[in-house]
Structure formats: structure tokens, C-alpha cells
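Number of protein chains: 4
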Amino acid sequence: MRSFAEERDWDQFHTPKNLSMALIAESAELVEHFQWLTEEQSTQLPSEKLKEVEEELADVLIYLVRIADKLNVDLAQAASRKIDINEKKYPAAQVRGSAKKYTEY
Amino acid sequence: MRSFAEERDWDQFHTPKNLSMALIAESAELVEHFQWLTEEQSTQLPSEKLKEVEEELADVLIYLVRIADKLNVDLAQAASRKIDINEKKYPAAQVRGSAKKYTEY
Amino acid sequence: MRSFAEERDWDQFHTPKNLSMALIAESAELVEHFQWLTEEQSTQLPSEKLKEVEEELADVLIYLVRIADKLNVDLAQAASRKIDINEKKYPAAQVRGSAKKYTEY
Amino acid sequence: MRSFAEERDWDQFHTPKNLSMALIAESAELVEHFQWLTEEQSTQLPSEKLKEVEEELADVLIYLVRIADKLNVDLAQAASRKIDINEKKYPAAQVRGSAKKYTEY
Chain A
163 MRSFAEERDW DQFHTPKNLS MALIAESAEL VEHFQWLTEE QSTQLPSEKL KEVEEELADV
223 LIYLVRIADK LNVDLAQAAS RKIDINEKKY PAAQVRGSAK KYTEY
Chain B
163 MRSFAEERDW DQFHTPKNLS MALIAESAEL VEHFQWLTEE QSTQLPSEKL KEVEEELADV
223 LIYLVRIADK LNVDLAQAAS RKIDINEKKY PAAQVRGSAK KYTEY
Chain C
163 MRSFAEERDW DQFHTPKNLS MALIAESAEL VEHFQWLTEE QSTQLPSEKL KEVEEELADV
223 LIYLVRIADK LNVDLAQAAS RKIDINEKKY PAAQVRGSAK KYTEY
Chain D
163 MRSFAEERDW DQFHTPKNLS MALIAESAEL VEHFQWLTEE QSTQLPSEKL KEVEEELADV
223 LIYLVRIADK LNVDLAQAAS RKIDINEKKY PAAQVRGSAK KYTEY
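As given, the protein sequences belong to chains A, B, C and D, one line each in that order.
With this note's numbering applied, the first sequence has no gaps in its numbers, which climb one by one up to 267 at the end.
With this note's numbering applied, the second sequence has no gaps in its numbers, which climb one by one up to 267 at the end.
With this note's numbering applied, the third sequence has no gaps in its numbers, which climb one by one up to 267 at the end.
With this note's numbering applied, the fourth sequence has no gaps in its numbers, which climb one by one up to 267 at the end.
These are computed hints drawn from the structure, not numbers from a lab.
None of these values were measured; they are calculated from a predicted model.
Take these hints with a grain of salt, some might be off.
Incomplete in silico selection of chain B near chain C, CB under 7 Å [to be verified]:
1. N180
2. M183
3. A187
4. P208
5. E210
6. L212
Idealized CB from N, CA, C, for every residue including glycine.
From just these sequences and the hints, can you work out the full model?
Take a look at the structure:
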């Protein structure tokens, strides 16, 4: 991705601020696929639709990796650290079956 | 992540529709960090702020992986396929230094 | 709102680019209220939750009006024009009961 | 807008949950217009671009009004109440020229 941007001289546009905008725009294209579907329908996408959703997921990942690279963040490590934090924030015994936000506990 | 959700009986909430909403909400927390910064400032975050941004990036990745898992999408493969598509959509020789959308070419 | 920003010397931050980021961040706080609710539940919010949702709607409107002001856009006129466009894009007789995007017709 | 939805039998899709998704998707289309522009450029849009931005602003307003209607929220009142809250959260004398979040004061 780094060389993709460099070959196109797009590095100048790829500030973390701008990339966060591109990331949310791609996330929104994902949301758009689901906005008029029921939750049930969203679990059973026709293959044509699934292919489009797959492309949106890819776009989100691409910008996510790009921001992480720009900020020298190790994404995998950050995610694994965050999962540990979440394990503590939401103890399984306490939150089972509830979608309340942790601050409400 | 799968077992994290299962242990909490949260699987019922994790439909692709709902997860896409959680994903964009996390993306927005990232955007929020950058909204009043200049592009320049966004490239030089103080370490305290960078740590917070790192957590948001992790949250986005967590939900992204979760949706992909729910839809049986191979994220890495999807991203690599998307990069190939982008190589063709935006030929380096043609788009160099321009941020125009490919449809404008 | 103009004087609110001026009194705080916040006008410098209120470029359309930045305001669009603030707008989407507020929209996401709205989304967050609904992400783990069923569609049914989202139509029957408890009064405490409704009050919070009301504040998010207000925030979205505030930034929306602010961007429009910065760009000299007459929001009411723009909306009324857009409604006319939509009337034509989605003829009632043709689209009744379907949530397909107009491009699919 | 109410009759627009009713004539098309779209009321069934217009739950607050779904409308919040449509709202953020429209907000993202706005963000997309600005993502590769500098802040400066975002203040001086060419007229063709401004026309497109105007349509996105209209779309955001349309969905915002639609959600408010569905939840029986008086948008104007909610916004005016929120402005009062903001006046107190961010006293002009204290926050002048700073974009720090109010919690940091």
C-alpha cells in the first residue's frame, strides 16, 4: 500500500486526518448495504451483495492499515491489547446476555 | 473474539447489520480525535493522544474482523483482491499527484 | 451559532472540512444509541434514552446549520429542491414497498 | 416527507435505527467531498462541487427531520436547548481560541 501511494504521488494526501475521513466514508458504504435490511436479512446476503460487502470490508481494512502505518502503530498488538482491556471491562459473569454499555454497570 | 462474544452471550446482538453500526461508531471516535487538528498536527500526535488513537484503531479492527467472521469473508484475501482492482482503476502513470476520484478520469 | 463560535474564537477551526468531521462524529453518537437495539426497540425508547437521543439530533442539526452557513447554502431551499428530485427518482407507483436503490430500477 | 414515505409504502423501513444508518451514510457522502481537500480548499468550493455538497447537506437534513418526526422530537427546541447547554459547558472567557474538549478543562 505504501508503494501504491508513492507510485501515484498520493502520499501528500495521506495524512492521518484525511485517512480517518476516507476510513469512515468506506465504513459508511458498508452501513449503506445494511440500512434497509432486517438484522435477519443481513445474516443471509445473496452472493452478489456479499461480493459488494466484501469489497467494502477490504476498503476499510486498506485505510485502517494505511493509517496505522502512517502513525507507526502495530495494529495486531493494539487489537490484542484492546481485547485484554475489554475482558476486564466486561466480565463475562456480569454482563452475560446484556448489551448495556459498560459504564452502566 | 468469537469466544469473547459467546462467553457473554453477545452473539445474538452481533448481526452484520449491528456490527456495521458498531464499526462506524468506532471509526467516528477516530475521526473525533482529528477533527480540530490541522493535517500537519495529525501527523505528530503527542504520545498520550497517540495511545488513544491506537485504541480506536484497535476497536475498528476488532469489529471489522468480527463482521468478516460472521459473513465468512476472508479479509486478507478480499483486501489483496481490492488492491489489484485499485491498481487497474488508478494507473500510476495517469493519476500521479491527483486526488480526483477515478470516475473523473 | 455564529456568535457562539466568534465569542470563543473558534471560527478558525470551523472550516467546512472540519465541520463535516464534527457532523459525522455526532451522527455516530446517534447510531451508537441504536446499534444493539432491535428496530422495534428503536421505536419505543425509554424517556431517559429519548432525552439523550434528542441531544444527539440537536448536535447534528447544529453542525449542519453551521456548515450551511459557512458555505452560504440555504438549507431549507436545498432540502425542498432535493425532495423534488427524489419525487422523480422514485416514482411512487413504481417503487411501492421496495427499498431497492433507485439505480436498481 | 411523511407523505413521501407513505405513498411509497416505505414507512415500514423508516425505524429510528434504520434512519440513523441512512443519516450517517449521507453524512459520509459529505465527508467524502472534503477528504482530500485542504481546509483552505474546503472553504472555496468550485460551483459544480458546491452544488453536490448542497445536495448532501439536504439529504442529511431530510433524514434528520424524518428521525425527529418518528421520535416526536421538536428539533428546533432540542437545538436551542443544546445551545444553552453548550454556552455553559464552554464559557467564552475560558475556552477562547482553544479546541480542547470541554472535559479537558
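Each hint, compared with the structure:
1. N180: Interface hint status for N180/B: holds (6 Å vs cutoff 7 Å).
2. M183: Result: holds, 4 Å to nearest chain C Cβ.
3. A187: Hint holds; A187/B Cβ to chain C Cβ min 5 Å, cut 7 Å.
4. P208: Since the shortest Cβ distance to chain C is 18 Å, the answer is violated.
5. E210: Violated, because the Cβ-Cβ distance from E210/B to chain C comes to roughly 20 Å (cut-off 7 Å).
6. L212: Violated, because the Cβ-Cβ distance from L212/B to chain C comes to roughly 19 Å (cut-off 7 Å).
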